[in-house]
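**Student:** With chain V's structure known, arrange chain S on it following the hints.
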Amino acid sequence: MLSLAPAFVPSATAGAIAGAIACTDFTRRSPFALGGPRDHKEWHHFVILSGEIDLLVNFSCCDDARRDAPQGAEFPRLVLLVRHHTWDGDVEQFSSEQARVRGGQIDFAFAHNRLRFHDGAFEISAALEHRPVAVEMRLTPVAMPAYAPAIPMIDGPPLNWVVAPRLRVSGSVTLRGRRFDLDGAPAYHDHNWGRFLWGHDVSWEWGFVLPECDDVPWCMTFVRLTNRARTRALAQQLLLWRNEHLVALFREPDLEPRTDLGHLRPSGVLKVPRVMALLAPETRVDVPRWFEMHARRTNGDWLECRCEARDVAQVVIPSETRLGVTIFNEVLARTTVRGSLAGEPLDFRGRSVLEFIRDY
Amino acid sequence: MTTEYRFGTFLRDSFATLQRELPDIYAEMCRRLAPQDIAITVDSETVRLKFAREAVLPVKRLAHPTVMVRTGRKAILDLIDARSTLLDAAVEERLHLRGSPDDLARFYDGLMAYLHGAVRSPSFPALLQRFRYPAARSGKARRRNERIHP
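Chains V and S are the protein sequences, given in the same order.
Once you know that position 100 of the first sequence is 100 in the numbering used here, the rest is easy, because the numbers rise by one and skip nothing.
Count along the second sequence starting at 1, add 360, and that's the number in the numbering used here.
Label-pair distances were calculated between CB atoms; the ranges are: (1) S/A415 / V/S267: 41 to 49 Å; (2) V/D119 / S/L457: 55 to 63 Å; (3) V/P281 / S/R413: 22 to 30 Å.
Computed far set for chain S versus chain V, every beta-carbon distance over 12 Å: (4) R366; (5) L371; (6) F375; (7) I400; (8) A412; (9) R413; (10) L422; (11) H424; (12) M428; (13) V429; (14) G432; (15) K434; (16) S460; (17) L464; (18) A465; (19) R466.
Don't read these hints as lab results, they were simulated from the structure.
Positions of the beta carbon are idealized from the N, C-alpha and C atoms, including for glycine.
Isolated chain V, as found in the complex (with noise of 0.2 Å):
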């Protein structure tokens, strides 16, 4: 029997969902302003697949790394990509003074960009400078928040990681002056932090799945982090919920990932910031054609999950550790995914946005 789908969460629900999110999913920020250790790093990561337009949306405040840097100096940035037929978007950057970031909460000011949880939803609320893109949209968490701490890190202390794997969205999208209503599209939202530099010995692949009907009761996300060149992983895990509820966790001993040997080839690539394009000019990505994981446990239960990539878009940052650079490629992908979990069966087909991080 399906149960009640996430669309329609129960108010008693819903309130237990808003808690938890107030709970576990508030912004931690930087010791470094206080005397603490530097090298603070914290995004909240939004991701929106509509059937017409698919949105990224990132806000983020990273210590400055630079050894002389003021105590506390750090960089608020904003990234939001759009893609409707190709991409559009860029990262935007702003000084201290234009922004304000609260720690206990999810309430973020960079000049008139805005984020926010409030009464049970997080606000949006975000208008490029250069490029024609603005968004204005609610996104109302469905399912439980998970808290996954102390992921592994060869260089440095652990990530975390708090995942709202699905949410509902009313708002809208405006791209070069043409409006894409937003309501009733799903949504997977995250949250990191820990103290690391780009460029350190780590990579990782990371995705999530939004299953293309909205009555399928399930969503999953996964994740493998591993050391820059992927041969020892550190952590990977798969997290699948039903309905509001996380049903189930694949740890590393139960997981085993698979990727093509062939690479996405797409026409082009976006890069921003767009100045980036200088230091890392190359169109060819290290993003294979499909990923696989696949999960089984003693007990019988079993997954099976294949995304294959469709499109590519790149943020790129300067690493820290040297003159390089560190590529985000955020991919979407078409998804299916099989198996069974407790004697129930599994099978239904969503959309993906996948990130693999390289280091050049």
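**Tutor:** Chain S only, in chain V's frame:
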């Protein structure tokens, strides 16, 4: 009152900024480019530079530049805004480079070091903004986000 922000002034200011804010990258740029003599012409203005391992020195004359570059302000901004690539600009003759293959390869390596510094420098966006709008009053230049710190 407005004053034009010339390419030579921009270049001089940018070198000083790199030396102050990212001295290791400035040193790496000089190391890669020494001992080259480089003449850069942007529209009608020519800047001549002597690179030593420790510093770059603007000079009035160069007897025999090892690398000569000729381009325009618009072509530079097209590169910065990714409307063009270095290869496209060269093939389409909006960027002229003259020198031996070895010297041009060293020039490219030095240019990459300069750009790596530029995108890490907290003060570079304001410099670039003045270069982008050379006749604007400095206090009214709009913010631009060419800098991208991690």
